[in-house]
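Peer 1: Since chain V is already given, all that's left is putting chain G on it; use the hints.
Take a look at the letters that make up each chain.
Number of protein chains: 2
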Amino acid sequence: MAFDPSSLKYDDKGLIPAIAQDHATGEVLMMAWMNAESLQRTIKTGRVTYWSRSRQSFWAKGESSGHVQRLIELRIDCDRDCLLLLVDQTGPACHTMRRSCFYTALRDGAEVVIADPIA
Amino acid sequence: MAFDPSSLKYDDKGLIPAIAQDHATGEVLMMAWMNAESLQRTIKTGRVTYWSRSRQSFWAKGESSGHVQRLIELRIDCDRDCLLLLVDQTGPACHTMRRSCFYTALRDGAEVVIADPIA
Chain V
1 MAFDPSSLKY DDKGLIPAIA QDHATGEVLM MAWMNAESLQ RTIKTGRVTY WSRSRQSFWA
61 KGESSGHVQR LIELRIDCDR DCLLLLVDQT GPACHTMRRS CFYTALRDGA EVVIADPIA
Chain G
1 MAFDPSSLKY DDKGLIPAIA QDHATGEVLM MAWMNAESLQ RTIKTGRVTY WSRSRQSFWA
61 KGESSGHVQR LIELRIDCDR DCLLLLVDQT GPACHTMRRS CFYTALRDGA EVVIADPIA
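Protein chains in written order, with full-length UniProt numbering: chain V, 1 to 119; chain G, 1 to 119.
Isolated chain V, as found in the complex (with noise of 0.2 Å):
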């Protein structure tokens, strides 16, 4: 079946939620949103493009950082309400320069940083 963006469910703001994992390592890096321009732009491209709910534009991963994000695959949830990307993440995903978003654990009921800046 040919693929069609608009085919997606997309929230009551347009958007869609798009989780990044490494390709080969299989870690998640982060979670961030995507409306069916950002899509389109993201499969064109190959580089991955959300859309910045905080500064309403779109957001070419790594623009500025130079911290890029290329497509590896895309992925369609059941419900076709949420994307997984298969991503080649040049340095770090996060904005602290932690490789993942997600360097916060839940440990014996205290939050604990499990990872560090590596950039």
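A portion of the hints provided could be inaccurate.
Since the list gives no way to pick one copy over another, a pair counts as held whenever it fits inside one copy or between any two copies.
Stated by the list, open to error - Below, simulated DMTMM-like cross-link-like pairs (lysine to aspartate or glutamate); rule was C-alpha separation at most 25 Å, straight line:
{"hint": "1", "residue 1": "Lys13", "residue 2": "Asp108"}
{"hint": "2", "residue 1": "Lys44", "residue 2": "Asp4"}
{"hint": "3", "residue 1": "Lys9", "residue 2": "Glu73"}
{"hint": "4", "residue 1": "Lys9", "residue 2": "Asp108"}
{"hint": "5", "residue 1": "Lys9", "residue 2": "Asp116"}
{"hint": "6", "residue 1": "Lys44", "residue 2": "Asp88"}
{"hint": "7", "residue 1": "Lys13", "residue 2": "Asp79"}
Since the hints were derived computationally from the structure, they do not count as laboratory data.
Peer 2: Just chain G now, kept in the frame of chain V:
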């Protein structure tokens, strides 16, 4: 720092997205939503409990199907507005009986089903 669920950022419906990842293989299984109370139940019981947006009720994963998710570790992202759940998944995570909900891939411009039901 002791964990306080109310310190997380919930959306205007009081929900936060939660990504479930197989703790052993790294496979991303599904994404669903939690509110503060479902997160509390998840931590307290060790059984992952979401908030069903369609049914507007708590959704103790596997309650009817037996395909439970045991919480191995909870992780929080840098913005405190997304959760990553490392889980021990019994059987399929998806209601289509596939291990993961992300069984549709975009390849050469077309949607391809890349996984079969396992149960």
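Peer 1: Each hint should be assessed against the structure and marked as holding or not.
Peer 2: So, going through the hints one by one against the coordinates:
In this homomeric assembly, Lys13 and Asp108 never come within 25 Å of each other (Cα to Cα): the closest approach is 37 Å inside a single copy and 29 Å across copies. With identical chains, the CA atoms of Lys44 and Asp4 are at most 25 Å apart within one copy only, with a shortest distance of 13 Å there and 42 Å across copies. When the C-alpha separation of Lys9 and Glu73 is checked against a cutoff of 25 Å, the pair qualifies only within one copy, where the shortest distance is 19 Å, while the shortest distance between copies is 29 Å. In this assembly of identical chains, the alpha carbons of Lys9 and Asp108 lie at most 25 Å apart only when taken from different copies (22 Å versus 38 Å within one copy).
When the C-alpha separation of Lys9 and Asp116 is checked against a cutoff of 25 Å, the pair qualifies only between copies, where the shortest distance is 23 Å, while the shortest distance within a copy is 36 Å. When the C-alpha separation of Lys44 and Asp88 is checked against a cutoff of 25 Å, the pair qualifies only within one copy, where the shortest distance is 16 Å, while the shortest distance between copies is 36 Å. When the C-alpha separation of Lys13 and Asp79 is checked against a cutoff of 25 Å, the pair qualifies both within a copy, at 18 Å, and between copies, at 20 Å.
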